[in-house]
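Student: Read off the chains here:
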Amino acid sequence: MELMELLGLYNYWAFAVVLMTGLYAVITKGNLIKKLLGLSIFQSAVFLLYITMDKVDGGTAPIIQEGVPDQIYSNPLPQVLILTAIVVGISTTALGLAIVVRIKESYGTIEEHEIQILDRDS
Amino acid sequence: MDSAIDVLSWILLALGGGFVFVGGLGALRLPNFYTRMHAASLTDSMASILILVGIMLQAGWSLAAIKLLAILAFLLLTGPTASYALANSALLSGLKPGNSADESTEN
Amino acid sequence: MVILFAVFLLTLLVLTAVAIVRTENLFVAVMLTGIFSLLMAANFFVLDAADVALTEAAIGAGITTVLFLGALALTAEHEKSVSSGRWLSMGVVIVTTLVLIYATFDKPRLGDPQAPVHLHVAPWYLEQTPEIIGIPNVVTAVLGSFRGYDTLGEVFVVFTACIGVLFILSGRRGRHLPSNGMASSSTDQGLRHHLIPRVVGRLLIPFIVLFGFYVQFHGEYGPGGGFQAGAIVAAGIILYALLEGETQALKAVPRPALMGMIIGGAMLYGAVGIAGIALGGNFLDYSVLADNPVTGQQIGILLIELGVGIAVCGALLSIFHAFAAREPS
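Protein chains in written order, with numbering that gives the first Met the number 0: chain A, 0 to 121; chain B, 0 to 106; chain C, 0 to 328.
Simulated from the structure, these hints should not be mistaken for lab results.
Among the hints, erroneous ones may be present.
[As the list claims (entries may be wrong)] One-sided and incomplete, this derived list gives chain C residues near chain B with beta-carbon spacing under 10 Å: (1) Pro205; (2) Phe206; (3) Val208.
[Said to hold, decoys possible] Partial list, computed: chain C residues near chain A (C-beta under 10 Å): (4) Val20; (5) Ala70; (6) Ile100; (7) Ile195; (8) Gly229; (9) Ala251; (10) Val252; (11) Pro253.
A quick note: this is a predicted structure, and the numbers were derived from the prediction, not measured.
Every residue gets a Cβ at the ideal spot worked out from N, C-alpha and C, and that includes glycine.
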């Protein structure tokens, strides 16, 4: 089933493109908040990769249903990892935003090249 | 009887999808802010009613139908409120309705 | 058929990600990030991950948008475009994308039951959860009991991030506190001029908090658990803060109560672990908490999920108040 295989690979290609989009935002954009947005896109792409790996053909969410004997369940293990990772991701994003707010108050700008110029002059 | 319910729910879902499309088209193509809000609020109310009633018909008389009814009630409460809040904020901050076109960007 | 739907959602995801990076107006970028999180939650649901979809929708689409908007209000709204070095980084990014796409051809087919990830530990968890722990939601069982240490570490990470934000953003609080109780800035007044959102919001907040409690205590029987519940209850109280003004919200849930929630949640988790030692088992061994080991596991999971929910709710609220109370420079 060549078409089904290609459709299955589409998940991984979407992951690759979103990952690199986030990375491009982090390394190219000068605005600090745009960098943080790119970082959160990068994290979400990694979550997509892990959750793609947990699907089983004909499976359902891993909640055990009484009375249905031969139910196939999807893999619960990547879901546990990603549940933790989402909360840790927002914690680090919040901390990063707090630092950006303080940088704005100290330097008056949140553009990276202007901050470097101010640092070099002072 | 079953196929009648199926056909009815298909019609409702297709109509709901059509309203979503019309709302999206209006939000993109209409000239200024208030007309776009008018189009976007279409999806909040009409399309959500049609789509959720269509899915409720598929669910039959079960707990899922009651949950869908609750979701419909909350969507009907919050969607038009959000549209109102947006339009009211725009009015309070000075954007006057009635200009034929304004310089809104396509970001 | 579901595959086509998933392909459509993934394409929208990629387009939204590209739009976030390309737009120059940061407010638009934050709104698009909310859409991105909701699309991601829909994708997770199509891939059978119900718990993760709930968490991503509650935390990603809800709390992250509010935090970014709070930070935007204190900093700039437009970015200035950079002109140097773009082609080099674009080249690096494209080459890495092609290498990644080439690597994906070796991956197991989507949904293959014989893929290595499904063969070692996961079937053991799926078989042993009804016997050892006895709750239907396997994800909560693994999160709470089999992998309890990871969750303990994560509660401490949330705690540390909250303390870090409070350290960084609490310097100038004295200047902003109004001396005679009069609201001094527009954030203090909330949405006083908007009657309809206030009425509808006040109608909805009890239901939001009730739904948060439902998600908390039903985490063992369906998708749910501590993290989602903490985020939902925090979102309800943040809605109250947005509508009535931040000083009102601080009167409703004052800062010592928030501190108590964060510390209490983390310590409840640790206390359950130490109770395991005190009753003769190992750290975080729930089987000794009751006469029947299965009941002990269930009690243990209930208590630690409660601790996680309280800690996450308190942390998210404290972070929101730290951003909202800061005067723009």
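Student: For every hint, state whether the structure bears it out.
Tutor: Evaluated hints:
no. : hint   : in the structure
1   : Pro205 : violated, 13 Å
2   : Phe206 : holds, 8 Å
3   : Val208 : violated, 14 Å
4   : Val20  : holds, 4 Å
5   : Ala70  : holds, 4 Å
6   : Ile100 : holds, 5 Å
7   : Ile195 : violated, 31 Å
8   : Gly229 : holds, 9 Å
9   : Ala251 : violated, 22 Å
10  : Val252 : violated, 18 Å
11  : Pro253 : violated, 21 Å
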